[in-house]
Amino acid sequence: MAIDKYMRERFFPHIWCPGCGHGTILNNMLRAVDELQLNQNEMVMVSGIGCSSRISGYVDFHSLHTLHGRALAFATGIKMSQPNLSVICPMGDGDALAIGGNHFIHACRRNMDITAIVMNNRIYGMTGGQYSPLSGSGITATTAPQKTIDREFDITSLSLASGATFVARTTAYHYREITKYIKEALQHPGFSVVEILSQCPTHFGRRNKLGDAPEMLKLYKQNTTRIGSEAKQNNPELIERGIFRQEIAPEYCAEYAELINRVQQG
Amino acid sequence: MAIDKYMRERFFPHIWCPGCGHGTILNNMLRAVDELQLNQNEMVMVSGIGCSSRISGYVDFHSLHTLHGRALAFATGIKMSQPNLSVICPMGDGDALAIGGNHFIHACRRNMDITAIVMNNRIYGMTGGQYSPLSGSGITATTAPQKTIDREFDITSLSLASGATFVARTTAYHYREITKYIKEALQHPGFSVVEILSQCPTHFGRRNKLGDAPEMLKLYKQNTTRIGSEAKQNNPELIERGIFRQEIAPEYCAEYAELINRVQQG
Amino acid sequence: MTQRTEFIQGNEVCVNAALYAGLDFFAGYPITPSSEIAETMAKQLPRIGGKFLQMEDEISSICSIIGASLTGHKVMTATSGPGFSLMQETLGFAVMAEIPCVIVDVQRGGPSTGLPTHGSQGDVYQARWGTHGDHAIIALTASNHQDLFSMTVEAFNMAETYRTPVILLMDEITGHTREPVNLPEQGEIPIIGRLRTSVPEGVDYHPYLPREDGRLPMSDFGGKHRYNVTGLYHDMWGFPTTDPNVIHGLIHHLMDKIENHAHEITRYREYYLDDAHTVLISYGCSARTALHVVNSRRRRGEKLGLLELQSLWPFPAELVRAKCAHAHYILVVEMNMGQVVHEVKKAVHEPERVYLANRVDGEFITPTDVRGIMRLIHGRGV
Amino acid sequence: MTQRTEFIQGNEVCVNAALYAGLDFFAGYPITPSSEIAETMAKQLPRIGGKFLQMEDEISSICSIIGASLTGHKVMTATSGPGFSLMQETLGFAVMAEIPCVIVDVQRGGPSTGLPTHGSQGDVYQARWGTHGDHAIIALTASNHQDLFSMTVEAFNMAETYRTPVILLMDEITGHTREPVNLPEQGEIPIIGRLRTSVPEGVDYHPYLPREDGRLPMSDFGGKHRYNVTGLYHDMWGFPTTDPNVIHGLIHHLMDKIENHAHEITRYREYYLDDAHTVLISYGCSARTALHVVNSRRRRGEKLGLLELQSLWPFPAELVRAKCAHAHYILVVEMNMGQVVHEVKKAVHEPERVYLANRVDGEFITPTDVRGIMRLIHGRGV
Amino acid sequence: MSRHRLIFAGSGGQGVITAAIILAEAAVLFEGQNAVQSQSYGAAARGGISRSDVIISDAPIHFPKVNQPNTLICLTQEAYNKFNSVIRPGGILITDTHYVSLDTRAEARIYHLPLYTSVMQEIGKPVVFNICVLGALQAITGLVRLDSLHQILKKRIPSRFLDINERALQLGAELGKNTEVQTH
Amino acid sequence: MSRHRLIFAGSGGQGVITAAIILAEAAVLFEGQNAVQSQSYGAAARGGISRSDVIISDAPIHFPKVNQPNTLICLTQEAYNKFNSVIRPGGILITDTHYVSLDTRAEARIYHLPLYTSVMQEIGKPVVFNICVLGALQAITGLVRLDSLHQILKKRIPSRFLDINERALQLGAELGKNTEVQTH
Amino acid sequence: MAKPKVQGHQIKRSWCKGCGICVAFCPKEVLELDQEQKATPERASQCVGCRTCERMCPDLAIAIELEQDDDATN
Amino acid sequence: MAKPKVQGHQIKRSWCKGCGICVAFCPKEVLELDQEQKATPERASQCVGCRTCERMCPDLAIAIELEQDDDATN
Ligand SMILES: Cc1ncc(C[n+]2csc(CCOP(=O)(O)OP(=O)(O)O)c2C)c(N)n1
Ligand SMILES: Cc1ncc(C[n+]2csc(CCOP(=O)(O)OP(=O)(O)O)c2C)c(N)n1
Ligand code: SF4
Ligand code: SF4
Ligand code: SF4
Ligand code: SF4
Ligand code: SF4
Ligand code: SF4
Ligand SMILES: [Mg+2]
Ligand SMILES: [Mg+2]
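Residue numbers (numbering that gives the first Met the number 0), protein chains in the order written: chain F, 0 to 265; chain B, 0 to 265; chain V, 0 to 381; chain Z, 0 to 381; chain C, 0 to 183; chain D, 0 to 183; chain L, 0 to 73; chain P, 0 to 73.
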């Protein structure tokens, strides 16, 4: 495979469960990198802690496996100090939006050229299936044996409101979109968020009786639609996929470079 | 004054600088409490750290002066444990949205019946005038001697996107609106955010050559308009004042009470 | 036997004991190896009309239990090292504002993310010194489920007695191991409730003025006394001050109310110490290994004894000194690079007789490890 | 004199020294009494093409400097107690991942929000034990601006030498006081740069394999070696492992690389120790008071001496033992409830001769305070 | 003082830990015995070998880990390869013919049983495989009575799944009873 | 060894700390003296008394705080009430007639000067009040040369404001020079 | 609304910090800062009792006393 | 698009975890799980080389070899 060269094959088979959507995201993210023919020496992957975060161990980039929730904070230092590097931040939903929520909204606000990927399985996979701020209500989880009453975030709305300049969403079923949106995000000169719904058959699927991985993937097909589609109008429950925003705004590192210029010019 | 009974007069004159908008907010917040004839023994004010947060020392409620950024997290415990209490959380812009940003968005999401008031002076007043995530770009601050390059949050959009069910904005100039929106917020059965632009003549005004307190207040008059006004259409730069959302959605404590019911019923 | 025997994990024991002690509010954020505490709470609390909150992180978890304590509830949070580190700022707030609460740290291998699924006792000093500024703290621990039950109840009792956060230092081994535990009947273990002020409405109540016996009666938020709570230095009404005398008084009060009651807080078990030449000192999971060694050596007639510490802070230096007075040598058994061993050295008269048997590779310390060190001390090589 | 004299605050000295040491990346979050460090950085860094970042909190501040260190920059953050508490989890990450960085804690009165605008030395033990799990740390301090300059430079040098976070413990007094400082010319104080690997592209590079001399050459993120960095226990390539042997090796390496070099890390000043009967031991701002007392007593012919510690961790126990060998008594002067005094007691042969002169009411400890304690020790009452 | 030490080893999804817990709980609640059950995890929450130690004794148990088991249950090849050497001389090894092929000699009484295949044939639900193992273990070691295990199943398992679990337990017990010791 | 200790006390906005810094900096940079300047804050970042201590000496200065000043400058009533008792016997007290009314006796040479009023009359900008105080202090104590203060002003103050500051300095110096010591 | 009868301007001098807000926003130019930078009702008789000063004062230093006092003017 | 010539199905058996995704989503029912729960191209000849299996496999265990290999099918 052409993507072999981006993989640390010695760590395969990876630790993810059979049918875990995170693997499909890895698979198609590498294709995006490959299609852009990016130089691995200029790629940095920064992740937090969670099943999703283990992804950084499998890619042959500079890889930084940090603390739960902090990936974007570390990434901000990397990008700011060395703006020529391509920085990808894959995060779990808990990682990005529970403990990491503040870094997430501030990263969106700052608009540094970092690509954030939220691998949203609506559950804390790594710690054994507690609910997350993306679970939404009515979900069974180890910390919600009687079903959740928490409302969920809408990651795309939150990203948009916080100032992210590229925002897209797709699912582990729509693998072509994964590659496409990540490609766009990597090329976007600003902060980009790609939310990818990712099945966790082990904790989310099993406890909520959604069947095995193929069945969960079929749900992604059924329950989602393209942004602004007619289907959405008929059934507002459908989750929209597509690019929600793709706009150019001042990029933080570029602005800072100008600031330096201004100061040094006197 | 009818609001005297809500004040701890022995601590007046308060520590705020001459012309500080925070005082005007205190003034008109108390009028809201007074107009609703709320029982002081059922009122809890929870604040963080900052000039704004000193407000909790001046009101004769149960008062909890916590840690920088954490007011809403403490408030969540208070409300959840004793849902009959009225909980008000005044916060500085830094308090609420820099270090406290994560608690802010999660409180919005949970929709507990807490009234959050953001006393937004677009600066860190207490620590001497560093810029905040609300300063926006082009602002002079002690940590931005060459002007900020950071983009700002829009508190109302962020609150809406995070799920707050009551969202309003006004300024220290529009004192009637302060009382009105806080009244509405206190009566709203869910999480409410009232953003109030508040002048800091000492740090924001002086460094940015905006004049003294009265001049800064005049700017609030000039630069704002009612939501959906014609003025806004003619001048999109204007900041909108008014109620952005007022919606009923499941309130967290009520939902939990139901959960208990369900479990105890078997 | 009126008691009910259960065969459960230490984490579940902790929950059962907390409920027994009167807890009805828990907030937490999942983390291995403590998550079962939150999970069991989530299941149990609604049954008794209590509240379980899963917060967005550990900081908000500890903040929210403090809030709930102020309204008059018995509260707890549970975490492991990384989360415990994040809680440090707020832990200091609870110390300063004198809010009763219990914080459970189910220790795993550190530093940093370290070894999430392996046992350790690496956070003992952190429990004492993790937050900034001078302060005193109470930390308890236990080696078996029956003791874990009582120490958890004690943690709540002490939190109320001293109006302070209490840290319960568990570890992955204790947390995840299942063994029988007898759940006591209500009344079997004494429960100390919230001491509420008797000052009537309208009369000046001083939330921060100790009574003659040193205790500080509280008044619930929502009750008839409206006072202030702050993390700044404050006067007896809870309002901020920079008066040097008040500050001096407050910091000494915060230290003394704990340190001067060290003897009342001290909890331990002893095995065969009367005639022991060799004293093993241990606590938490390692004490199981130590006791195994002591028992097996005693059967061979060797004069080994064990002092098992169940309260680590304030460190029971006097107890240690007394119990070690006649020891030829002292062996501290713990699963870290040496923490309690330093306190033992400070406590005893001849620190050069104090040795450390430890293990830090993620594996549970074995009797063989301990015996190996004993051979070395005796100059018998390995 | 080729040097430039400036009359500036300690916080500004710290910035000047950091730039001298080669810093070109700073991230922070304002907090009294450290904010002037951030403010001065914001002004100075763009001038030299460096980067200043104001982050959303202290956690992200320390995270981002670690990120920047990995790309090859010299980095620092600055805070005070509450922020330092929040940084503890990530500090442990830097220890575990062996990332050079400098963390300044300008101490103020604690615990909790405490006394934001008053000096204190209450975070000494926190610097050592604040993060969870076993680890070792370097912490430096200084009492005057000239030394503060050199200690700041040393902090960077040691961070690079030992590939570790170094903590610079300042205090409100040192931070805010203005006094003259001579800014040295480039070259006057040696600067230790990042040691980069000489392994060529394509050859296996081991980021976590110490060289024979104990140092671990780094490779910049963005450079030609792609490796992994994690807070989990890891092998010599930086990949997670649970192999007990590797874990054992790593934790010992992390401790030993610091503890075994205690003598090289130790920094101190001594005054009149040769014939001193009374040895004062102090550090940071309190050492100013101690030196004042020693000087004035010496003028009266009394045999007082001062050992001023400039490195607090690893604690220079041997140095203290040696310098106190002939002391009749030892008086530790510090602005806390007694922290370094415990280490001194552990270090010396007769701990009962060690006394504490302290002050914890927010006021700066005065010569009169110290003299009062000396009178007491001499049985002369107060 | 009688003391029996067991190691259950297999892979994550096989339910080895549950089996270990059921055995130990049965010993405690219905046999008046003392028991301790503990487990070890791999690098992550998932993947790798899943292992659980059980000690059953009539005396207090302090050290909870098993180094040399009297009985070793290995349900994957990896587990077998890793642990088969630590078994106590004269101890018992129980493995499954579907998952494990024996290769090295062990000084043990070896029960290499077609547990998985039988479960699939007779019940068709791989999820009760671990209970079947438990049945065999009971029959082979007699550590607890079969009825005690039944009691625990009743207590722990939702009634709609109880039947297949009981069938699996019975099936295991029969396979354990009727199988000759295999020695290599 | 000569050593002069000063306390500057006033309220937040009066610029007492800046005045203290300018004095000390002048002593260091242009007089070859040693100096230390420190400050204390009230409860909050604002409000309350603002105080700055300066020690000027030809020898090293270790203890940086002033307990008994040789010279005390009090620019508010509150500051005056709080500090006027700690002044060294024979020391100097400088106050302003607009802000302070003297009430208690102090064993000091007292300069109670119409600094604020003069600034308002002559220059009209209250912001240079502190520099005027500095001028008076210079004239009264002669701790540093007036020119040294000029140099520091030049260094620290944006050129567009330099003029009014220099005028204020001069004004203060004259008021200080021409005023008789008032004793109570 | 008929002009209410204003009884007086209660000004807590020790609370007033002289920010000038009441002076600037009083619609009737009733207020001034005095020598000591404290608000004072220079032209009290012009007061229409609109309470703008009372409501805008950040120091809660001003109160307007009306004949039949009715605080709820919102 | 003409049916590309499929040369073969590279399946890394040690990576495959038998999740069944490739089996479920292959449009041509080419794949099955074998006895050991590993994916195997039971009906290889039916394969149209669409790479759905390759792209959806969470274990990166399948690769399709086409005649003139062109990976960029996005
Ligand atoms: C400070 C801290 N708190 C908690 C944890 C425990 N923890 C590890 S991963 C995780 C959540 C994982 O969920 P998510 O981020 O959604 O990733 P997933 O595993 O689902 O891919 C948690 C709570 C931790 N490692 N550190
Ligand atoms: C953990 C922590 N970090 C930093 C600080 C310092 N600090 C106190 S208040 C404040 C910001 C105040 O700004 P804002 O919240 O906007 O309130 P304002 O003073 O402007 O009303 C900061 C940074 C602190 N007290 N604690
Ligand atoms: S637990 Fe869930 S998220 Fe984690 S590897 Fe398994 S399937 Fe994936
Ligand atoms: S500094 Fe600004 S925010 Fe703080 S009291 Fe003064 S004016 Fe108000
Ligand atoms: S608004 Fe208030 S503080 Fe300001 S001048 Fe008027 S009365 Fe005084
Ligand atoms: S009440 Fe209205 S008119 Fe009267 S003084 Fe106040 S602002 Fe002016
Ligand atoms: S999708 Fe991959 S892991 Fe799943 S069965 Fe097919 S080849 Fe195996
Ligand atoms: S390439 Fe397409 S047709 Fe061929 S096996 Fe894969 S999914 Fe089936
Ligand atoms: Mg998840
Ligand atoms: Mg602000």
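Read the hints as simulated data drawn from the structure, not as lab findings. Among the hints, erroneous ones may be present.
To be verified - Quick list of in silico lysine-lysine cross-link-like pairs, PhoX-like style, CA-CA up to 25 Å: (1) D/K153 with Z/K42; (2) B/K208 with Z/K42; (3) D/K154 with D/K124; (4) C/K153 with F/K208; (5) V/K42 with C/K153; (6) B/K217 with L/K27; (7) P/K27 with P/K37; (8) V/K256 with Z/K223; (9) P/K37 with C/K124; (10) B/K220 with B/K208; (11) Z/K344 with V/K345; (12) C/K176 with C/K153; (13) B/K208 with D/K81; (14) F/K208 with C/K64; (15) B/K220 with L/K27; (16) Z/K42 with D/K176; (17) B/K146 with Z/K345; (18) B/K217 with D/K124; (19) P/K4 with F/K220; (20) F/K217 with P/K4; (21) L/K27 with L/K37; (22) D/K124 with B/K208; (23) L/K37 with D/K124; (24) Z/K42 with V/K344; (25) V/K302 with V/K344; (26) C/K81 with C/K64; (27) V/K42 with C/K81; (28) B/K4 with V/K223; (29) P/K27 with F/K220; (30) F/K208 with C/K176; (31) Z/K345 with V/K345.
Comparing the hints with the structure gives:
1. D/K153 with Z/K42: holds (20 Å)
2. B/K208 with Z/K42: Between B/K208 and Z/K42 the Cα gap is close to 20 Å, so the pair holds against 25 Å.
3. D/K154 with D/K124: holds (21 Å)
4. C/K153 with F/K208: The hint holds at about 23 Å.
5. V/K42 with C/K153: With Cα atoms ~20 Å apart, V/K42 and C/K153 stay inside 25 Å; holds.
6. B/K217 with L/K27: holds (17 Å)
7. P/K27 with P/K37: Measuring from Cα to Cα gives roughly 18 Å; hence the hint holds.
8. V/K256 with Z/K223: violated (58 Å)
9. P/K37 with C/K124: Roughly 19 Å separates the two Cα atoms, so the pair holds.
10. B/K220 with B/K208: Within the cut-off at roughly 17 Å; holds.
11. Z/K344 with V/K345: holds (8 Å)
12. C/K176 with C/K153: holds (23 Å)
13. B/K208 with D/K81: violated (35 Å)
14. F/K208 with C/K64: Roughly 36 Å separates the two Cα atoms, so the pair is violated.
15. B/K220 with L/K27: With a Cα-Cα distance of about 19 Å, the restraint between B/K220 and L/K27 holds, given a limit of 25 Å.
16. Z/K42 with D/K176: Cα-Cα ~40 Å, so violated.
17. B/K146 with Z/K345: Violated - the C-alpha atoms of Z/K345 and B/K146 are around 52 Å apart, more than 25 Å.
18. B/K217 with D/K124: holds (24 Å)
19. P/K4 with F/K220: The hint is violated at about 29 Å.
20. F/K217 with P/K4: violated (29 Å)
21. L/K27 with L/K37: holds (18 Å)
22. D/K124 with B/K208: holds (17 Å)
23. L/K37 with D/K124: The hint holds at about 19 Å.
24. Z/K42 with V/K344: violated (50 Å)
25. V/K302 with V/K344: Answer holds: V/K302 to V/K344 is near 21 Å, not above 25 Å.
26. C/K81 with C/K64: Holds, at roughly 16 Å.
27. V/K42 with C/K81: violated (38 Å)
28. B/K4 with V/K223: Holds, at roughly 15 Å.
29. P/K27 with F/K220: holds (19 Å)
30. F/K208 with C/K176: violated (37 Å)
31. Z/K345 with V/K345: Answer holds: Z/K345 to V/K345 is near 7 Å, not above 25 Å.
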